[in-house]
Amino acid sequence: MTGASPNGQHPGTVSGAGAVSDRTATGVGSRRILVTLGALLLGVMFAYVMLGPVIFGPEQVWKALIDQADEVFHRISVWEVRVPRVLIAALAGAMLASSGAFLQSVLRNPLAAPATVGVTQGAVLGAVLALAISFGTEGALDDLNAFVPMAAILGGLLAGGLVYVLSYRRAGTDPVRLILTGVIVAAAVSSVTSFIVLVSGSHIDSIVRWLVGSLGNRTWEHLVFLVPVAVLILPLVVMAVPLANALQLGDASSVSLGLRTEEARAITLMTAVVLAAGSVSVVGGIAFLGLIAPHLARTLVGSDLRRLLPCSALVGAIILVSADLLARVFSLDWIPFWEIQTESGSRVPVGAFTALVGAPFFLYLMRERMR
Amino acid sequence: MTEHEPMMSDPAFTTDHVSTGYGSHVVSRRLSLTIEHGTRTALVGPNGSGKSTTLKTLARLIAPLRGAVYLSGQDINRLPTRQVARQMAILPQVHEVPAELTVMELVEQGRFPHVGALGMLRRRDDEAIQDAIGMTRLADFVHRPIDTLSGGERQRAWMALALSQQTDILLLDEPTTFLDVGHQLDLLELISGLNRDRGVTIVMVLHDLNHAARFSDRMIAMSAGDVVADGPPAEVLTPRLLRDCFGVEASVVPDPVTGSPMCIPHSPIFSEDEENAANG
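Residue numbers (the numbering used here), protein chains in the order written: chain A, 1 to 371; chain B, 1 to 280.
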């Protein structure tokens, strides 16, 4: 006898509780949200390919995509510049947001993000180190060479690993220790980065774009680096979803459910670290995205990672693609007295945009949710 | 009503000279206990007596420093933990409440020990979940986020999670602590019903001695890590135990309705040491 009575409100319920939405009521509801977000992402991506210094119509984009462009520069602009860049933006945004969703669940802290546990800073340090070293060598001045992403992902993994090892006591780690250690490691790593920035004065422009995160000059070469990382980590992502779901109930409940808690935490954290390090290794230290995207996703589909993770990934992709689209639009020459063109031809880095918009937006979100 | 009773000949729990504690801090030494299947046991004692630590050791939440805990005859810390989770569920004292997780999403997780991590990727809604929700009267709340529920409803949701594990043994660590008296009785009735109707073995830590006496077959009183009294409530709950173990002068009278022993504490007795400690 289950006696399910679908007539909604219990008579004895505290007033006001009835206002709580039923958004996670059915799988259909959240599935519709995911499909809508997917369509939105495709829309923004298409708009991204259309817009730029030269605006293409849908037909021109299509012709360029199927290699029948009217003019050669259409094909180059679409196929060599905008398409790889938008794909990188979508994938890197999705990875960073997924990392944040995992971290917030496993660390049981709504403020957790790749940057609060030092992974972003570690990856940025790796990239900056690689840049600083390659300045001496000939022809290695741009951030196109694969050496930089390699060093970045290594830096991110090392920082994440260091946080885990330093948090380990006797039987394992715990969320509070992980976060405290993460904050300290992040600060320490950042100070090393600052030092390198100070001593390598002449190429500071290239380094700063890594610090704030940029999609400038990103092309197939970078995508070829990012895709294998994403593909290789995918099985772990799938595995980590149910583990993180149980871990967010607390360690005691996880044990009750038959999890090897520390192992589950290590798997989930490692997944989050690889996702974030991979993302940062190609686009740099994009601010706030790993924090805000999972928050937004949570308001849409709730906290169950089976829905939260795909939703966070989509929201993260949409945000980064849109932010870079805006960054490009605002960098255009038609805006008067707006000349933030740097020597290497790249314009306002997208990271500057997410940082500028992200902080107030995050404050707004927190205020809304605290009510 | 005996059809659900487990057919295991070994006791639900045996501890063999178990020492428990945290790191170098030993809470309890050489504890030897046997808890039979189908019984209701209440662990009582003052704060810091080791009752919660003992329960956590039975629950494998902490490993014994020495000795071993046997679950139905097998060393609990050597069994695969998921196999243990199919036999025993735990209602911990403190829970993390992820914002926006619904009751259904919480209760679903109870199927983890049965279907494994990959099985949990798809939505689960089987008989065990429906049964757990029915037992805890949460049918109207399944799609509500847990953090919007009242304290009583919330504790019932966590009970439903434990119930959906469908285990023969249920361990509860101060399940009634944050509830008002009505919800306390409600929860204890639910727990006793599980024992009576389904033969579920209950081991619980309770602070309220009168509830412990009324809702258990056996009370184990602990003090400073040792078992100081162990037996039926009528034998354990005595003025002497209350004086020696809890430091209160109290009368014990039979409950006029249920007949179980009921204590009425009058005044605390502090030894000089404790008074010094309290002042220092």
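Worth double-checking, as some hints may not be accurate.
[Said to hold, decoys possible] Label-pair ranges, simulated between beta-carbon atoms: (1) A:R169 / B:R86: 40 to 46 Å; (2) B:D126 / A:V35: 35 to 41 Å; (3) B:A99 / A:R75: 45 to 51 Å; (4) A:L180 / B:G151: 48 to 54 Å; (5) A:L180 / B:H25: 46 to 52 Å; (6) A:V231 / B:H25: 33 to 39 Å; (7) B:D180 / A:L180: 34 to 40 Å; (8) A:E263 / B:I269: 47 to 53 Å; (9) A:L363 / B:P256: 24 to 30 Å; (10) B:R243 / A:R170: 36 to 42 Å; (11) A:V192 / B:G182: 57 to 63 Å; (12) B:L185 / A:L111: 48 to 54 Å; (13) A:E263 / B:D226: 57 to 63 Å.
If you are wondering where the hints come from, they were derived from the structure by calculation, not from laboratory data. Heads up, the beta-carbon is just placed ideally off N, CA and C, and yes, glycines get one too.
Given the range 36 to 42 Å, decide if the beta-carbon distance of R243 of chain B to R170 of chain A lies inside it. Holds, since R243 of chain B and R170 of chain A (Cβ atoms, about 38 Å apart) stay within the stated range.
Is 33 to 39 Å right for how far apart the beta carbons of V231 of chain A and H25 of chain B are? This hint is violated: roughly 48 Å between Cβ atoms.
CB of V192 of chain A to CB of G182 of chain B, is that within 57 to 63 Å? 59 Å, holds
Could you tell me whether the CB distance from D180 of chain B to L180 of chain A stays inside 34 to 40 Å? 36 Å, holds
L185 of chain B versus L111 of chain A beta-carbon gap, inside 48 to 54 Å or not: 39 Å, violated
Between D126 of chain B and V35 of chain A, does the beta-carbon spacing fit 35 to 41 Å? 27 Å, violated
Please test the hint of 46 to 52 Å on the beta carbon pair from L180 of chain A and H25 of chain B. 22 Å, violated
Measuring from beta carbon to beta carbon, are E263 of chain A and I269 of chain B in 47 to 53 Å? With a Cβ separation near 49 Å, E263 of chain A and I269 of chain B satisfy 47 to 53 Å, so the hint holds.
Assuming the hint says 24 to 30 Å, is it satisfied by the Cβ distance from L363 of chain A to P256 of chain B or not? Because 59 Å falls outside the window, the suggested range is violated.
Regarding A99 of chain B and R75 of chain A, is the given constraint of 45 to 51 Å on their beta-carbon distance met? Check passed, 49 Å falls within 45 to 51 Å.
Is it true that L180 of chain A and G151 of chain B lie within 48 to 54 Å of each other by Cβ? Violated, since L180 of chain A and G151 of chain B (Cβ atoms, about 30 Å apart) do not stay within the stated range.
Is the gap between the beta carbons of R169 of chain A and R86 of chain B within 40 to 46 Å? At 30 Å between Cβs, range violated.
Violated hints, in rising order: 1, 2, 4, 5, 6, 9, 12 and 13; the structure is consistent with all others.
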